[in-house]
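Undergrad: Got chain A; can you put chain B on it based on the hints?
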Amino acid sequence: MQTVKMVITGPFSSGKTEFIRSISEIEVVSTEREISTEAEKRQKDATTVAMDFGRITVDDDLVLYLFGTPGQRRFDFMWEILAEGMLGFVVMVDSAKPETFREAKSILETFRAYAPTPYVVAANKQDHPDAWAADDLRIALRIEDGVKLLPCIAKDKESVKNVLLELLYSILEEMEG
Amino acid sequence: MPIQGNIRNFSTTQLLNLINLARKTGTLTFFEGVRTGEKDAMGEEKMAPGKPRAKVSFNTGKLTYAALDNQDGNLISVLNKAGKLTDEQARIIRERAKNTADKALALLLMNANYVSQSDIVSSIQQHTLDVIYNLLTWAEGPFRFDDGIMPTNDRIQVPIDLENVIIEGSRRIREAEKLNEYLPNLDFALKFPENPKEKFKGIHLSVEEWRVVSFVNPKNSIRQIAKANNMSDIEIRRIVYGLEQAGLVELVKPPGMETTTRPGRPAAARAPQVQKNVVNKLIDKIKSI
Chain A
1 MQTVKMVITG PFSSGKTEFI RSISEIEVVS TEREISTEAE KRQKDATTVA
51 MDFGRITVDD DLVLYLFGTP GQRRFDFMWE ILAEGMLGFV VMVDSAKPET
101 FREAKSILET FRAYAPTPYV VAANKQDHPD AWAADDLRIA LRIEDGVKLL
151 PCIAKDKESV KNVLLELLYS ILEEMEG
Chain B
178 MPIQGNIRNF STTQLLNLIN LARKTGTLTF FEGVRTGEKD AMGEEKMAPG
228 KPRAKVSFNT GKLTYAALDN QDGNLISVLN KAGKLTDEQA RIIRERAKNT
278 ADKALALLLM NANYVSQSDI VSSIQQHTLD VIYNLLTWAE GPFRFDDGIM
328 PTNDRIQVPI DLENVIIEGS RRIREAEKLN EYLPNLDFAL KFPENPKEKF
378 KGIHLSVEEW RVVSFVNPKN SIRQIAKANN MSDIEIRRIV YGLEQAGLVE
428 LVKPPGMETT TRPGRPAAAR APQVQKNVVN KLIDKIKSI
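First to last, the protein sequences are chains A and B.
Sequential numbering from 1 applies to the first sequence in the working numbering.
Sequential numbering from 178 applies to the second sequence in the working numbering.
Pulled out of the complex, with its shape left as it was, chain A reads as follows (with noise of 0.2 Å):
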């Protein structure tokens, strides 16, 4: 039996967990604790600390798990062992709070350093008011232009199955180049 493994990154409430819950087969392992500080409490009352852990069988032969990190940068010793052997990551951002831009350029600068695999940026939440569009987004965070940055609802299993979808082509793409 062969596991491949996607990692799903991005600052605190960008929409890991969701991501994962939107598209795995088994119910997300999940290793959320119930929020400790009163300033994360306000944005969702539990988090997760470990990681999140999805799964899509593909045949008998064949597995792809999905882990989410855990937000909180004080969790971040967790990310290089999550980062080993991926196939490819995702950052996730919410794109109605700009407050976490600079925390989510500096994530995937951290996971590009840590391997260097094919990656696509998901502008998460679009279905919320303040959500920036995906065009201003790639400006905000300097995304170069040979990167995907895809608009992405988390909680919609379509929009999901886009941006992983993307990441296998790209992933395709650089095999073949």
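Hints in this document: simulated from the structure, not taken from any laboratory.
A portion of the hints provided could be inaccurate.
What the hints assert, rightly or not - List time: in silico EDC-like cross-link candidates among lysine to aspartate or glutamate, alpha-carbon distance up to 20 Å:
| id | chain 1 | residue 1 | chain 2 | residue 2 |
| --- | --- | --- | --- | --- |
| 1 | B | Lys462 | A | Glu25 |
| 2 | B | Lys462 | A | Asp156 |
| 3 | B | Lys275 | B | Asp249 |
| 4 | B | Lys355 | A | Glu109 |
To be verified - Derived CB-CB ranges, DEER-like:
| id | chain 1 | residue 1 | chain 2 | residue 2 | range |
| --- | --- | --- | --- | --- | --- |
| 5 | A | Met78 | B | Glu385 | 38 to 46 Å |
| 6 | B | Gly260 | A | Asp76 | 54 to 62 Å |
| 7 | B | Lys368 | A | Gln2 | 36 to 44 Å |
| 8 | A | Phe77 | B | Asn457 | 34 to 42 Å |
No residue lacks a Cβ here, since even glycine has one placed at the ideal position from N, Cα and C.
TA: What follows is chain B alone, placed relative to chain A:
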């Protein structure tokens, strides 16, 4: 979709860069921050937009108008401040032309030979830039960009290229810490972007900036450029920041530099050896879900 946020997270220089690159038309409003008692995603206090502090308008990426809410920005005051009208002249014209719109007033002043057209254009340009450079020093407060909203027709709008504004604005960013955060590693090199000739057209660089530009070459590290020009780390960071924000140069890793930029980290994790047919199987599976 609106572009809104707080300049503590997304600076005015970054906003100007976004508007310039996306060739946007509309008005950017800066507000006084009203404390909400709530925290944002980064744990800082959320500020709701209060009273407007400044409005800046743009037409296809060019700066056309800027006004501070607490400042009398009418034409007479602008010309007076620029020394084109004396205090006495300004007082008399104010009295006589109380309700005259700026455009009509400009025509009257030109016909009466008080000022020339170029006096008006240069004074408004300078006023607009003064407003911008003032608000570039603001570190905190909500903002919102409204697409397509422009000042009323009676206002005189003088288009100004944002690249120079961004460079000058960047010059005024004095905080060494911010610059250090932006460019912690001076071993990076610089290269010109595509079509550099086009980007440099109409750009006014300072002598120091030209000195740096003359050394732009992927083989020269920023540290070497600074040494050759006898510049401190902060000076070179400030200049590189301005040039890069204006899209005139790009940062490149020098040959032989490690992929990882974090000291003390282990070597980059290797990507797994996966066959093309595995990726194709994954694509088919995800399509079928």
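Undergrad: Determine which of the earlier numbered hints do not hold for this structure and return their numbers in increasing order.
TA: Violated hints: none; all satisfied.
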